[in-house]
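**Q** Sequence:
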Amino acid sequence: MKQKLLYLDTMITPKIITIIYWILLVGSVISGITYIFGGYEGFTIYKFFTGIVIIGLSAVGARIWCELLIVIFKINENLQNLKD
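Following the working numbering, the numbering of the sequence shown begins with 85 at its first residue and continues without gaps.
Check the hints yourself; a few may be wrong.
Unchecked claim - What follows is a set of in silico ranges between Cβ atoms, one per label pair, in the way DEER data are often shown: (1) I148 - T128: 27 to 35 Å; (2) F121 - K167: 50 to 58 Å; (3) T102 - G123: 13 to 21 Å; (4) Y124 - R147: 27 to 35 Å.
The hints are simulated quantities; they were obtained by calculation from the structure and are not laboratory data. C-beta atoms are modelled at their ideal positions from N, C-alpha and C, and glycine is treated no differently.
With the hints as constraints, model all of the structure from the sequences given.
**A** Listed below in structure tokens is the structure:
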């Protein structure tokens with residue numbers, strides 16, 4: 085395993101991307117909740133629905149971004165298999 089890492093035979097970035105995805109997901113929930121309860125007006129129904137939309141859209145955006153990065157590494161993996 086150590087030799088594979090030293091000679092760059094295995095990719096560790098897909099594992100890092102998975103961790104980044106979970107961090108982005110937690111960040112989207114925190115930002116949505118902060119928007120709902122933040123500000124001087126307090127809790128309003130408009131801010132509640134806007135916060136839910138922020139959570140949903142940012143979670144979907146983070147998922148799409150991370151999946152696109154993973155696709156690049158899957159293409160690399162398949163090219164390596166073809167080469168071998």
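**Q** Each hint: holds or not?
**A** Cross-check of the supplied hints:
In this structure the supplied range 27 to 35 Å holds for I148 paired with T128, their Cβ-Cβ distance being about 30 Å. The hinted window of 50 to 58 Å between F121 and K167 holds, with their beta carbons roughly 54 Å apart. Checked against the hint of 13 to 21 Å, the pair T102 and G123 fails, with Cβ atoms roughly 34 Å apart. For Y124 and R147, the Cβ-Cβ distance of about 33 Å falls inside the hinted range of 27 to 35 Å, so the restraint holds.
In the structure shown, a violation is registered for the earlier hint numbered 3 alone.
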